Amino acid sequence: MGSNDSKEAAREIVVPGELLAISSKRAGPGTFSEGGKIYAAHLGIKSVRPDSISVVPLSGQYMPMRGDLVVGKIIGVGSSNWLVDINSPYPSPLHVNEVPWRVEFGETRKFMSVGDIVLLKIVGVDEIKRISVSMQDHGLRKLTGGMVVELSPSKVPRVIGKNGSMIQTMKTMTGCRIYVGQNGRIWIDGELDNMVLAVKAIKMIEDEAHNLGLTEKVKRFLEENQVKGA
Amino acid sequence: MGGAPTDLKLIDERGLRLDGRRPDEMRPLKIEAGVLNKADGSAFVEWGMNKVMAAVYGPRECHPRHLQNTERALVQCHYNMASFSVEDRKRPGPDRRSHEISKILSEALTHVVFTEYFPRTSIDVYIEVLQANAGTRCAGLTAASVALADAGVPMRDLVASVAAGKVANTIVLDLGKEEDNFGQADIPVGYVPRTDEVVLLQMDGDLTREEFDKGLHMAVGACKKVYEVQRDALKRRYSARAEGQEEGA
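Chains H and G, in that order, are what the protein sequence lines are.
Position one of the first sequence corresponds to residue 146 (our numbering), numbered consecutively onward.
Position one of the second sequence corresponds to residue 113 (our numbering), numbered consecutively onward.
Just so you know, these hints were derived from the structure itself, not from any lab.
Check each hint, because a few of them may be wrong.
[Said to hold, decoys possible] If you want the footprint, here are the derived chain H segments under chain G, 3+ residues with CB under 8 Å:
(1) 156-162
(2) 225-237
(3) 285-295
(4) 318-332
[Claimed, not checked] Listed next, the in silico BS3-like pairs over lysine-lysine satisfying Cα-Cα at most 27 Å (straight line):
(5) K337/G x K345/H
(6) K300/H x K347/G
(7) K215/G x K289/G
(8) K347/G x K362/H
(9) K191/H x K218/H
(10) K142/G x K202/G
(11) K348/H x K364/H
(12) K300/H x K345/H
(13) K307/H x K255/H
(14) K337/G x K182/H
(15) K300/H x K266/H
(16) K266/H x K255/H
(17) K182/H x K336/G
(18) K121/G x K289/G
(19) K348/H x K150/G
(20) K182/H x K326/G
(21) K300/H x K289/G
(22) K274/H x K300/H
(23) K347/G x K336/G
(24) K191/H x K202/G
(25) K347/G x K348/H
(26) K347/G x K289/G
(27) K289/G x K191/H
(28) K307/H x K347/G
(29) K255/H x K218/H
(30) K364/H x K345/H
(31) K121/G x K215/G
(32) K316/H x K300/H
(33) K336/G x K150/G
(34) K289/G x K274/H
(35) K347/G x K170/H
(36) K287/H x K345/H
(37) K191/H x K142/G
(38) K337/G x K218/H
(39) K364/H x K316/H
(40) K191/H x K326/G
None of the values given here were measured: they were computed from a predicted structure.
Here a beta-carbon is modelled for each residue, glycine too, at the ideal position from N, C-alpha and C.
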């Protein structure tokens, strides 16, 4: 199959320790260099740019980065903060100063309690990976209603697509409100049938994240299964 | 081991072993990556009559908290043999042997994982021996490094592992159960092919310096073959899925 061969060439899967290049290019994310040679650091797809080589991961945990938008879940309430699970190895405290409301000491529970879903921004990560998050920015809030689906954080860029093309397609064709957190959590709200369709589309993206022509495929899938009246 | 007096002929007149292998021949090895859905990464290894499953969780919050290191991740292996993995039922639960194996495998894997990327976390590796037939620590280490890679953990390289040993005064590769029980020595080796480093080396029994060198050399050579099977398993995991989808379409 000729088409299959060209696909293989375009998307070469590399394993940890695999030699990527002997060159003076910069060792990008997912790689490391030793003795002038660049090796893959994790399982992923090799990506060669004019000035650097990197490996796009196929799996792995979410590592918080400053500026990331994340969908968090409240897992604990203190008297001046909430503890938020952001689907990373590190839980992050959300201080009362970082929420858009005025909260009296000890009254945190009146605003949010365990199990609530929140849209947050990572405002700081230090060298020992202590995370600070904030809800004080445009669009950040507590998310009520809807549902949350999780997928591998390494596949988030595919859900968003080039310049947001994939997510835009999903939003317009299902009529759902969708927030995609960089941490692999996606919040969806809309008509039940439409939400089910959106979840199916996300699962499809997750299963085929490493294939080419995905946006077109998802678009076709949504067209074929579109709920009447949406 | 020494071996109880036995009339078992471990190596026959033609120089072949009990299962018909040549002294430098390995048992057939099969690896599959990504077999468990709930784990972040997993692998299943069938090596001769050994069946070993490895599952990786993390990097995740380190518990108990006093073990966490502010500078790096902790690689914690948990080696366990199922009660039905051997004849005569193994008494379940941790024992001296499984503690030892867990420790040495953790150390071997810590050497290749970029632990400094994940301060304060732990990477938990569970190795379950479902069927044992000698060489389970090597099979476990081989499975664990595939599972780690499958979990997306950044690593310097994969660790491959095979044992060598001495049976009926001959240096042989990858001992089987009878050879392990009634042989003279056993050397499990964990090897990092890219950097040519040995990260696991034990010796049970007596060997001369020459015999040891020959055994180590044999094991290192075989590790390179194991390494190829590991790499193939990881690459197959994603390419197989792409092909499957095309058939369905």
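Results of checking the hints against the structure:
no.	hint	verdict
1	156-162	holds (count 4)
2	225-237	holds (count 3)
3	285-295	violated (count 0)
4	318-332	violated (count 0)
5	K337/G x K345/H	violated (41 Å)
6	K300/H x K347/G	holds (18 Å)
7	K215/G x K289/G	holds (23 Å)
8	K347/G x K362/H	holds (24 Å)
9	K191/H x K218/H	violated (34 Å)
10	K142/G x K202/G	holds (25 Å)
11	K348/H x K364/H	holds (14 Å)
12	K300/H x K345/H	holds (15 Å)
13	K307/H x K255/H	violated (40 Å)
14	K337/G x K182/H	holds (23 Å)
15	K300/H x K266/H	holds (19 Å)
16	K266/H x K255/H	holds (22 Å)
17	K182/H x K336/G	holds (20 Å)
18	K121/G x K289/G	holds (14 Å)
19	K348/H x K150/G	holds (16 Å)
20	K182/H x K326/G	violated (32 Å)
21	K300/H x K289/G	violated (44 Å)
22	K274/H x K300/H	holds (22 Å)
23	K347/G x K336/G	holds (17 Å)
24	K191/H x K202/G	violated (45 Å)
25	K347/G x K348/H	holds (22 Å)
26	K347/G x K289/G	violated (31 Å)
27	K289/G x K191/H	violated (42 Å)
28	K307/H x K347/G	holds (26 Å)
29	K255/H x K218/H	holds (16 Å)
30	K364/H x K345/H	holds (12 Å)
31	K121/G x K215/G	violated (35 Å)
32	K316/H x K300/H	holds (18 Å)
33	K336/G x K150/G	violated (31 Å)
34	K289/G x K274/H	violated (47 Å)
35	K347/G x K170/H	holds (25 Å)
36	K287/H x K345/H	holds (25 Å)
37	K191/H x K142/G	holds (26 Å)
38	K337/G x K218/H	violated (46 Å)
39	K364/H x K316/H	holds (11 Å)
40	K191/H x K326/G	violated (38 Å)
The structure fails hints 3, 4, 5, 9, 13, 20, 21, 24, 26, 27, 31, 33, 34, 38, 40 (numbered hints given earlier, in ascending order).
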